[in-house]
Amino acid sequence: MLEKYLQIFKISLVQEFAYRLNFIMWRVRNVMQIFLVFFLWNSVFSDPTRMVFGYDRGKILTYVFGILILKAIVLSARAVDVAGEISRGDLSNFLLKPINYFKFWFTRDISSKALNLGFAIVEVLILFILLKPPLFIQTEIISLFGFLVSLVLAVFLFFLLLFLINLVAFWMPENSWAAQFLFIAILTEFLSGGVFPLDILPITVQRFLYLLPFPYLMFFPLQVYLGKIVGSQMFGGILISLFWVLVLAIGLNIVWNKGIKRFEAVGR
Amino acid sequence: MSKNAFLSMLMNRLGALVFLFGKILRFGFFIAFIVFLLKGTNTLAGYNLNQTLFFFLTFNLVDIVTQFLYREVYRFRPLVVSGGFDLVLTKPINALFRSLMGGADILDLITIPPLIVAVYFLGMSLNPTLVQIFLYLLLLINGLLIATAFHIAILSLGIITLEIDHTIMIYRDLTNLGRFPVDIYKQPLRGILTYLIPVGLMVTFPAKALMGLLNPRVTLLSLAFGTICLFVSLKFWNYALTKYSSASS
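Protein chains in written order, with the working numbering: chain H, 1 to 268; chain C, 1 to 249.
No lab work stands behind these hints, which were simulated from the structure alone.
Possibly wrong hints are sitting among the right ones.
[To be verified] Below 20 Å or equal to it, Euclidean Cα-Cα: the simulated EDC-like pairs (lysine to aspartate or glutamate) are: (1) Lys97(H) / Glu85(H); (2) Lys39(C) / Asp47(H); (3) Lys39(C) / Glu85(H); (4) Lys23(C) / Asp173(C); (5) Lys23(C) / Asp86(C); (6) Lys23(C) / Glu140(H); (7) Lys186(C) / Glu174(H); (8) Lys243(C) / Asp86(C); (9) Lys261(H) / Asp56(H); (10) Lys97(H) / Glu123(H); (11) Lys103(H) / Asp47(H); (12) Lys261(H) / Glu3(H); (13) Lys103(H) / Glu189(H); (14) Lys39(C) / Asp199(H).
[To be verified] To give a feel for the contact side, a few chain H residues facing chain C, derived at Cβ under 10 Å: (15) Leu13; (16) Arg29; (17) Leu36; (18) Leu127; (19) Leu131; (20) Pro134; (21) Thr139; (22) Val152; (23) Phe181; (24) Gly236; (25) Ile240.
Backbone N, C-alpha and C fix where the C-beta goes; we use that ideal spot for every residue, glycine too.
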């Protein structure tokens, strides 16, 4: 059974290279976005001894580079195509096949993440050589373990969130792109800490945001890595992340079952 | 043409509303970021909160007005690939005008007036003189001229190479680097972004002019650069047309 998902992984990887220019431009754009954020914080921390929002220069620039890596691991996904498959009626093909639709897309997501991670590592190395930022290296085993656990949960969290948004296509086949734009391009980008670290916001706003799933995609894992969230706070955050994974998994199952009942395969 | 573009957008009202809400939300998030950042740091590259916000609003004004006017550029590739561009060439309307401005975006039209009001009130809070206001408006128009030249060049490149989508996204990513004053970048990147890929000329210089931070020589050079850009891009468009080979006939 694992064999078929391995084949899906390999085919998905090859498919990414079918549109090489697309992929390379996507990576170039990711790097350019990092440039803005890097120089912004570099300017803020032009005095290397300065501490702002609990960050020193090393930690904030590590955060910026960490975002480049975590975007590849957490936010790279092929499941954005699910809505299109539902709208076009192509979902019918998969319903007839002996393959779990969720596992199929999760496998495709993993292949996309693997490819993007490979490129992100090279980009970070090049940027490191060019920009020479002081990076923070975590050495505490517990923090590293907490970081890895929260990262794994973040991967599942984003998959479930993205898939759930895509299922809007069952009810609104023409407008699923708008839901993706709002929830993925805007809300996820900002509330996951992808544009700025969330701890620059007032504490009351942060407390509210920590109740939502978004900060656990990138911000929380990075805070654990940087040692800014430790001990019971780290444990509590991991539990909240796990809670959201369970809630979204159950929600996805419910929405999927409802959506499948009204699926008409329009266009096939 | 604009009326048709507006009507086709209004056919998908819910999607348009959600998209508009998303754009306003993104704008709000960036404003919140700047406000809370400057609360913690007091200055950014030597600029205070109002100045930094003004740079950001000016960037948005140039960016949104450009997207409003030239949304049709995003639909140019299918036109060339399918051969539909032949029909544009044969019609009694300037092909460049049609390809550039044939589909104004109603969503951006909604966001422009409040943005202009915000720019006005924030700009006035910086206590500019009449000369500084005049220079701001002049350099703003210059920024739009440079953006126009960029879009014409993208269309021309699209005719020759059939590649537009990535070029336009690179353009958008480069101009996004002007969200904050280009002073935050270190040399040589600052020089590149100011003069080579003239993001600084387009969005930072108008705001600097209002604040009285731009010397007359640089102002004149910017205006000359904008004019030259437009002239060269028009020449490039005419050259690209000679290279057009229709896909249909």
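Against the structure, the hints:
Of the supplied pair hints, the one linking Lys97(H) and Glu85(H) holds, its CA atoms being roughly 15 Å apart against a limit of 20 Å. Taken as a hint, the Lys39(C) and Asp47(H) pair is honoured in the structure, with Cα atoms around 18 Å apart against an allowance of 20 Å. For the suggested pair Lys39(C) and Glu85(H), the alpha carbons sit about 46 Å apart, so the restraint of at most 20 Å is broken. For the suggested pair Lys23(C) and Asp173(C), the alpha carbons sit about 16 Å apart, so the restraint of at most 20 Å is met.
Distance check on the hinted pair: Lys23(C) and Asp86(C) sit about 35 Å apart at the alpha-carbon level, beyond 20 Å; violated. This hinted pair does not check out: Lys23(C) and Glu140(H) have alpha carbons roughly 41 Å apart, beyond 20 Å. The hinted pair formed by Lys186(C) and Glu174(H) fails the criterion: a straight-line CA distance of about 45 Å is larger than 20 Å. Proximity of Lys243(C) to Asp86(C) is assessed by CA-CA distance (about 13 Å); at most 20 Å being required, the pair is judged to hold.
Of the supplied pair hints, the one linking Lys261(H) and Asp56(H) is violated, its CA atoms being roughly 54 Å apart against a limit of 20 Å. Only pairs whose Cα atoms come within 20 Å are accepted, and Lys97(H) paired with Glu123(H) is rejected, the gap being roughly 39 Å. For the hint linking Lys103(H) to Asp47(H), the alpha-carbon distance of about 49 Å lies beyond 20 Å, and the restraint is violated. A C-alpha spacing of about 30 Å is found between Lys261(H) and Glu3(H), which places the hinted pair above 20 Å, so the restraint is violated.
About 25 Å separates the Cα atoms of Lys103(H) and Glu189(H), which puts this hinted pair outside 20 Å; it is violated. Between Lys39(C) and Asp199(H) the CA atoms are separated by roughly 13 Å; this keeps the pair inside 20 Å, and the hint holds. Because the closest C-beta pair between Leu13(H) and chain C is about 22 Å apart, greater than 10 Å, the hint is violated. Given hint, Arg29(H) at the interface with chain C, holds; its Cβ is 5 Å from that chain's nearest Cβ, closer than 10 Å.
Hint status for Leu36(H): holds, given a least beta-carbon distance of 5 Å to chain C, under 10 Å. Below 10 Å, beta-carbon pairs count as interface contacts, and Leu127(H) has none with chain C, the closest being about 12 Å; its hint is therefore violated. At its closest, the beta carbon of Leu131(H) sits 9 Å from a beta carbon of chain C; the interface hint therefore holds under the 10 Å criterion. Hint status for Pro134(H) relative to chain C: violated, with the closest Cβ pair at about 15 Å, above 10 Å.
Taken as an interface hint, Thr139(H) does not check out: its beta carbon lies about 28 Å from the nearest beta carbon of chain C, beyond 10 Å. The beta carbon of Val152(H) comes no nearer than 28 Å to any beta carbon in chain C, farther than 10 Å, and the hint placing it at the interface is violated. Proximity of Phe181(H) to chain C holds as hinted, the smallest CB-CB distance being about 5 Å (cut-off 10 Å). Among the interface hints, the one on Gly236(H) is violated; its C-beta lies about 24 Å from the nearest C-beta in chain C, farther than the 10 Å criterion.
The beta carbon of Ile240(H) comes no nearer than 22 Å to any beta carbon in chain C, farther than 10 Å, and the hint placing it at the interface is violated.
This entry does not satisfy hints 3, 5, 6, 7, 9, 10, 11, 12, 13, 15, 18, 20, 21, 22, 24, 25, going by the numbered hints stated previously.
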